[in-house]
Amino acid sequence: MAKYNLKINGKTRAVDVDPSTPILWVLRDHLNMPGTKFGCGMAMCGACTVHLDGNAVRSCSMPVSAVGKMAITTIEGLSENAAHPVQKAWLEHDVAQCGYCQGGQIMSAAALLKSNPNPTDEDIDAAMSGNICRCGTYLRIKEAIKTAAKN
Amino acid sequence: MENINNDSTQAPPSGAGGLSRRSFLKSSALTGGGLMLSFSWFSEAKAAEKLSELNLAETWSELTGYIKITPENVIKIFCPNPEFGQNVMTSLPMMVAEELDCDWKNVVVEMGTHDNVKFGAQFTGGSNSVRMYWKPLRAAGASARQMLIEAAAQTWAVPASEISTKAGVLSHKSGKSAKYGQMASKAATIAVPKDAKTKAVKDFTIISKSKKNAEGTKIVTGKPLFGLDYRVDGMLIAMIQHPPAFGMKLKSFNAAQALKMPGIKDVYSFKLYDEGFEQGGFDTRTFNELLVVVGNSTWEVMNARKKLSVQWEPAGDVKETMMGRGGKREVTIPGRLETTSKQFEMMAEFAKKPATQLRKDGDPEAAFKNAAQVIERTYNAPFLAHNTMEPMNFFAHVQADKALVAGPIQAPGWMEPTLSKILNLPADKIEIQMTRMGGGFGRRAYAQYVYEAARISQKVKAPVKLVYTREDDMTYGIYRPMYTATYRAALDANKNLIGFHVTGGGIPESPIHANRFPAGALDNYLADSWEIPSNITIGAFRAPRSNFNAAAEQSFLDEVAEAMGKDPIQLRLDLLKRAKANPVGKNNDYDADRYIGVLELLKEKSGWGKPENAGKKRGVAAYFCHASYAGHVVDMVIKNGEPYVEHVTSAVDCGVVINPDAARNMVEGAVVDGIGQSFYGALTHKDGAAEQNNFHNYRMIRHNEAPQKIDVHFVENEIDPTGLGEPPFPPVFGAVANALFKTTGKRYYNQPFSVEQPQS
Ligand code: FES
Ligand code: FES
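Chains A and B are the protein sequences, given in the same order.
All residue numbers for the first sequence refer to the numbering used here, where the first residue is 1 and numbers rise by one.
All residue numbers for the second sequence refer to the numbering used here, where the first residue is 152 and numbers rise by one.
Rather than coming from a laboratory, the hints here were simulated on the basis of the structure.
All figures in this text were calculated on a predicted structure; none of them were measured in a lab.
Watch out, some of these pointers could steer you wrong.
[Said to hold, decoys possible] To spell it out: a stretch of chain B is covered by chain A in this simulated footprint if at least three of its residues, at any positions, have a beta carbon under 8 Å from a beta carbon of chain A; those stretches are:
hint	region
1	370 to 377
2	513 to 523
3	579 to 591
4	808 to 816
5	820 to 829
6	852 to 865
[Unchecked claim] Straight-line C-alpha distance at most 25 Å; calculated DSS-like pairs for lysine-lysine:
hint	chain 1	residue 1	chain 2	residue 2
7	B	Lys317	B	Lys360
8	B	Lys646	B	Lys511
9	A	Lys88	B	Lys360
10	B	Lys411	A	Lys3
11	A	Lys88	B	Lys363
12	B	Lys330	B	Lys348
13	A	Lys114	A	Lys69
14	B	Lys374	A	Lys114
15	A	Lys11	B	Lys374
16	B	Lys860	A	Lys7
17	B	Lys411	B	Lys646
18	A	Lys150	B	Lys520
19	B	Lys411	A	Lys146
20	A	Lys114	B	Lys369
21	B	Lys416	A	Lys3
22	A	Lys88	B	Lys860
23	B	Lys416	B	Lys457
24	B	Lys860	A	Lys146
25	B	Lys374	A	Lys7
26	B	Lys511	A	Lys146
27	B	Lys470	B	Lys493
C-beta: ideal position from N, C-alpha, C; glycine also.
All chains should be modelled from the sequences, with the hints used to inform the complete structure.
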């Protein structure tokens, strides 16, 4: 066990966990923040995507010991009340089916737009292809990203 | 309950218990109404939670089992069926709201609890939700509206017939008006009308007008909606170690190392069902004896599980007692450790043996004997894993005298009798809560993971959440079966189709339907079927048999059309016109007219045969299943050296479309899923062990492989609505296969197409 003070969604949260514990499980089990989802546990599906200092990372495959001073943003912290342009665009296009993958999709999309405010279709494919949507909402996701890019 | 069962063409199998004994008794006492139309002044803890969000008084008037209204005019509508992405939490309440004639903006939707008396069968699957609830939910809304009118009539001392409603407001020609909320408490004291009139389709103001997902905001803000998100204080985490291969069982284990790991509470083996347990149709289990690790947190349990030292041994043949379809019977599950290549060989051998005849019209033998040309093709498909994004999981808290279970489940009513038996608790002491599901596709109709969670909680005497990792989920599945089918067509010297024969089978079930198209359209028709028992567990998978058949049959028809020198859509239309004008046989399970309608719409919207599309590599397929009709035209190109579906045109007839934008979303999803499964889907085995266990070796369709555009068109009619979960999915496979032929010049007979060695 080891103590960590993590910067999450603008607050400092203290946890006492095994250093190998992935950020995903620290969030879900120890901090009761279940917006970040478990899909594969091996960086293959993107359901667990969070931002680390603004970059999209797969939280299932990054141990808490590697976070250091970097700031974590989760889907719960992306905005108050779905005010982030990506979330708004998701609602406008009514993207979700089951919804399970969508937190991860939104986090990947938000990171993409931050670094590339006007992505081409190819840019979107490249940035988003790590995020699986088993329900097949890919077309709406792409449309929503383009809408968010406009705003 | 009457309405619900009468309306269903797919009654739950007997033994699985569509209605529990408890609910049957209660609903018998409620004769006279198809619905439970209870009403009372009502205030409850759950409403209070919602109310605090809305900042309202804690007073709800319950107008039927489905509707509660506050004095402030907030209208809560309960969704009876579990949501797995098919939009029921929006579409079903829309039906209630339509007949209640309220303003959709004032509606809040809540998932109903499991209560078969109040809410009917509560089964999500078989594209049944909209179809089963179309009448009862509109009746509930219409009854409540009439009760509100009656309350206003009494209050204003005017005849009820002079009161009209619009968008949640009651008005009388004298100028009096009131919002529903103002009349709700009085309305709740009025007798429930038996025959409230429902609207004509042309008068709909909510149905057929797109409404956003009722849980959209919660989804995009990461609210805890799913089973995996469920937690209570003091909850433990459990993970199961199952045998490494189908046909193996536990021999012995040593948990000393695992028990020393931090946070671990218990490691033990348990049996899911006791000796002689009679399995219902949806009690499917993969292995009966399992090892379980219980501890404080997911990561700790995952790590401890790796420290188990376990010996497994061949299980040999296993005898089981099955209930369900066909009544009680003893079955022997073979102990064979299966390997995919051998399974295909075995299927090829079985295909040569005499099979069970499902249907015979005319004299097919003579037709084939006299044929100038016989076309024969064989199609194969592997097992498919569901791979719902949310792996299987369930919460259970079993105490001495009661139990609470909560999580993602498609058919709570079928689980209840089994839970009652295995926990030895009366059914009315078991509360089942349905969370939102991170996908289902049929997998969550089989609830062995619910029983496992309940058994574990009962043993460790604590609230427990059972979690499957992706590896558990994929290798410990209830798969889409392996299938094969051989189609034969007999052509005469003038290239007329004079005979048709399909023979098919699978491991462990056959895909062949006796009475599907093209049966009914051909004078000489033969269908037969065989099955090979197996220890690999299988079940529903977005119309498992249909999705295979639509691939095989619809690519075969393409080849037959080519041999006949006919346009593929025209061949289908000619056959359907024959089936409409002068059907062969009596039990054809499709409506030729609606099938034709979908093909005509598809032809028009895709510009099929238009000169401007002459250069496109296009494939077409259409199929009927689960009461709806669907077809697709797929446009394929070569992108980065690989076949890529760039554009899809879809046509669907599902009757009245409840929520058009969500319906389009379902069709788009089915298209993407169909492309993905037909190109990449495969779960193979070596000596009984699954060869794929996570997304690095089970390929899923991804963003860059999805089409650029999917145009979805619905046939416009006023026919009672049917479902969309399954029907648009199967024909995608056939359309993709046919487009592949146009693109590569080769026919693809074996799924998945991306790894097949095509035959020219
Ligand atoms: S759970 Fe992290 S990428 Fe799948
Ligand atoms: S919406 Fe279900 S997995 Fe994406």
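For each hint, the structure was consulted:
Look at the region 370 to 377 of chain B against chain A: 8 of its residues bring a Cβ nearer than 8 Å to a Cβ of that chain, three or more, so the hint holds. Under a criterion of three residues with beta carbons nearer than 8 Å to beta carbons of chain A, the stated coverage of the region 513 to 523 of chain B fails, only 0 such residues being counted. Evaluation of the coverage hint for the region 579 to 591 of chain B: fulfilled, as 5 residues show C-beta separations to chain A shorter than 8 Å, against a requirement of three. With 3 residues bearing a CB less than 8 Å from a CB of chain A, the region 808 to 816 of chain B meets the requirement of three and the coverage assertion stands.
Counting residues of the region 820 to 829 of chain B whose beta-carbon sits less than 8 Å from any beta-carbon of chain A gives 6, enough to reach three: the coverage restraint holds. Coverage of the region 852 to 865 of chain B by chain A holds in this model, with 9 residues showing a Cβ closer than 8 Å to a Cβ of that chain against a need of three. Between lysine 317/B and lysine 360/B, the direct Cα distance comes to roughly 16 Å. Compliance with the 25 Å bound is thereby established for this hinted pair. With a C-alpha separation of about 22 Å, the suggested pairing of lysine 646/B with lysine 511/B holds against the 25 Å cut-off.
Under the criterion of a C-alpha separation no larger than 25 Å, the hint pairing lysine 88/A with lysine 360/B is consistent with the structure, at around 21 Å. This hinted pair checks out: lysine 411/B and lysine 3/A have alpha carbons roughly 22 Å apart, not beyond 25 Å. Between the alpha carbons of lysine 88/A and lysine 363/B the distance comes to roughly 12 Å, so the proposed pair stays at or under 25 Å and holds. Between lysine 330/B and lysine 348/B the CA atoms are separated by roughly 21 Å; this keeps the pair inside 25 Å, and the hint holds.
Of the supplied pair hints, the one linking lysine 114/A and lysine 69/A holds, its CA atoms being roughly 21 Å apart against a limit of 25 Å. Proposed proximity of lysine 374/B and lysine 114/A is supported: the alpha carbons are some 24 Å apart, at most 25 Å. Note on lysine 11/A and lysine 374/B: the hinted pairing holds, with a Cα-Cα distance of about 19 Å set against a maximum of 25 Å. At roughly 41 Å between alpha-carbon atoms, lysine 860/B and lysine 7/A are farther apart than 25 Å, so this suggested pair is violated.
Taken as a hint, the lysine 411/B and lysine 646/B pair is broken in the structure, with Cα atoms around 75 Å apart against an allowance of 25 Å. Restraint check for lysine 150/A and lysine 520/B: not satisfied, since their Cα atoms lie roughly 67 Å apart, outside the 25 Å limit. Our distance criterion of 25 Å between C-alpha atoms is broken by lysine 411/B and lysine 146/A, whose separation comes to about 52 Å. With a CA separation close to 23 Å, the supplied pair lysine 114/A and lysine 369/B stays within the 25 Å bound.
Only pairs whose Cα atoms come within 25 Å are accepted, and lysine 416/B paired with lysine 3/A is accepted, the gap being roughly 23 Å. This hinted pair checks out: lysine 88/A and lysine 860/B have alpha carbons roughly 22 Å apart, not beyond 25 Å. About 15 Å separates the Cα atoms of lysine 416/B and lysine 457/B, which keeps this hinted pair within 25 Å; it holds. The straight-line distance between the Cα atoms of lysine 860/B and lysine 146/A is roughly 14 Å, inside the 25 Å bound, and the hint therefore holds.
The suggested pairing of lysine 374/B with lysine 7/A holds, with an alpha-carbon distance near 20 Å, which does not exceed 25 Å. Distance restraint check for lysine 511/B and lysine 146/A: the Cα-Cα separation of roughly 55 Å exceeds the 25 Å cut-off, and the hinted pair is therefore not satisfied. For a cut-off of 25 Å, the pair hint linking lysine 470/B to lysine 493/B stands: about 24 Å separates their Cα positions.
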